[in-house]
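Novice: Protein chains in written order, with our numbering: chain A, 159 to 471; chain B, 9 to 280.
Some hints here could point you the wrong way.
Each computed DSS-like pair below joins lysine-lysine, with the alpha-carbon atoms no more than 30 Å apart [to be verified]:
no., chain 1, residue 1, chain 2, residue 2
1, B, Lys124, A, Lys290
2, B, Lys127, A, Lys270
3, A, Lys270, A, Lys296
4, B, Lys124, A, Lys296
5, A, Lys270, B, Lys124
6, A, Lys290, B, Lys127
7, A, Lys377, A, Lys467
8, A, Lys469, A, Lys377
9, A, Lys270, A, Lys290
10, A, Lys296, B, Lys127
Rather than coming from a laboratory, the hints here were simulated on the basis of the structure.
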Amino acid sequence: MQPIIQTRALTRQFGTLTAVSDLTLEVYQGEVFGFLGHNGAGKTTTIRLLNGILAPTSGSATVLNLSPQNDGRALRQRTGVLTESPALDERLSGYANLSIYADLYSVPAADKASRIAHLLETFGLADRAGEKVGGYSKGMKQRLALARALIHNPEILFLDEPTAGLDPIVTRQVHDMIIRLSREEGRTIFLCTHNLAEAQRLCNRIGVMERGRLIALGKTDELAHEAGLTIGLEIEVTPDSLAAASELLRNQQPSLQVTADNHRLTVSGVRHEDIPTLVAALVHAGVGIYRVTPQEASLEDIYFALHAKEKAQ
Amino acid sequence: MNQRAIRAILRRDLQVVLQSRAVLIPMIVLPLIMVVGLPLILGLTTRSASPSDPNIAEIITLLEQLPPGMLDEFGDLSLIDQALLYSLIYFFAPLFLILPLMTASVIAADSFAGEKERKTLEALLYTPTSDGELYFAKVLSPWLAALGVTILALIGYSIVVNFVASPIVGRIFFPNLMWIALTLWVSPAAAGLGLGVMVLVSSRVNTFQEAYQLGGVVVVPILLLLFGQLGGVIFFSLPFVLFVGLVLWLIDLALLWFGARVFARSELLSRL
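Chain A extracted, bound-state conformation (with noise of 0.2 Å):
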């Protein structure tokens, strides 16, 4: 499949700081790819970077085919981007803020007041569009700059920390809508976060930054892995051989850690790529099997054990 953003080696220093260093990703239509890291670990300036509103100090990168840096214009028709703080003009309207991003946008004037009033009407702003954005709920800010980050359709929505400060419900809001946007409508979402339950429930894949470097990229059970990161088994079994399976698991491997109780085994401290092995292993000793549940490493676990890993490197 062809990668919708392709970054090379794309570096970006400010004075001696290096922001973003050596940066090699691919991102693909239609997902969404979660972009971790603490506050200053260059999420914000990767997005400043792949929208050409700044220019890399070495490295490459394209964005649907075009480099930002050259045809920045072109490529930010085509991208929205929802800053990490709704940056509304909170002395015009809601309508007014939304009409001004058509504009800039180019939206077709034939289609601009249609465009608006479907946008208030899915982001629930219908009935207070004519009001003040000052006089809004955080929430309404930011399902506004949502709204307006999509006012033209864009194919690649880049979304920095979209729920930060946010209260649960709204948050819910925000995910389904993130859900939604990928899921029915196939745009390629960039999610910036670190609200690493957030990145669990969202991201089909996950790049992890650590003060300027890209410290592991993958699916979830990707990174576990590369992070050395065991996980835990539930085996339930015919309880006639609970013991048999039991003893079959510690001898197979001595570093699990076995439990057996009623006709379920928990096991503990098992490496993802030894499951089948294990599992066959009961199979050919005539274990019968009902089910084998994996218990996986959460995101929680994954990234810290990534940065502890990366501290001692």
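Got chain A sorted already, so can you dock chain B onto it with the hints?
Specialist: Just chain B now, kept in the frame of chain A:
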């Protein structure tokens, strides 16, 4: 140039400015004081003053130093009346230049530094407008507003001056050629000066108030013109006004050229 985008930014900046009391109050109060209050007070007090009054005596001394041709058409009038006409026509000319300069400065401070303070600039930078279009639109809105205020002020001032002095002169005599040149040639340049300075100041500060206070120094050259005229060193004759306009336009060009360099996206982002 994407004219629709430029119009959108113009509309937005002016709408935002009109919602701010900190910007609106100086824009309304200053012209009212300068084009209505002061000339009315001056006109009414001078008409009832005697030539021995020290202030009037000073103006009469100035009248004697005037270059030929400046008040010739009023040569038949009394010295007191000539002193009044001198004050209304020449004394207020440099003061009048403060209007476009301050209006452009206040709006530019809100448009550039205020935008940084409100954190609304970044979203604008992500739009498909070019650096040039953004800069042009953001410079144009304070400049047009300043021009509008100045023309309105000239209309107001003309009404007041004719109300105060046309009974003496016997006809509607204001604005004269010098004032038309002042409004159409020098005032836009004075607005450009306030604007240019504020663009540069705003790139270094983070709030509207800081920009407004620091950028206030731009009024100094206009005050020098005012004191120069009060001291009898310079006079706002038509050639002098045309010359001042030319100098200001040249300064504007330099300031706006530097401003355009500062307003590049990459420069702005490194300061956000």
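Novice: Please go over all the hints and tell whether each is borne out by the structure.
Specialist: Against the structure, the hints come out as follows:
At most 30 Å may separate the alpha-carbon atoms for a hinted pair to count; B:Lys124 and A:Lys290 meet this at roughly 20 Å. For the proposed pair B:Lys127 and A:Lys270, the alpha carbon gap of about 26 Å is at most 30 Å, so the pair holds. Between A:Lys270 and A:Lys296 the alpha-carbon distance is near 26 Å, which keeps this suggested pair within the 30 Å criterion. Between the alpha carbons of B:Lys124 and A:Lys296 the distance comes to roughly 20 Å, so the proposed pair stays at or under 30 Å and holds.
Using a Cα cut-off of 30 Å, the hinted pair A:Lys270 and B:Lys124 holds, with the two alpha carbons roughly 28 Å apart. Of the supplied pair hints, the one linking A:Lys290 and B:Lys127 holds, its CA atoms being roughly 17 Å apart against a limit of 30 Å. This hinted pair checks out: A:Lys377 and A:Lys467 have alpha carbons roughly 18 Å apart, not beyond 30 Å. Annotation: proposed proximity of A:Lys469 to A:Lys377 holds, straight-line Cα distance about 22 Å (limit 30 Å).
Pair hint A:Lys270 plus A:Lys290 holds up; C-alpha atoms about 20 Å apart against a cutoff of 30 Å. For the hint pairing A:Lys296 with B:Lys127, the CA-to-CA distance comes to about 15 Å; that is within 30 Å, so the pair holds.
Violated hints: none; the structure is consistent with every hint.
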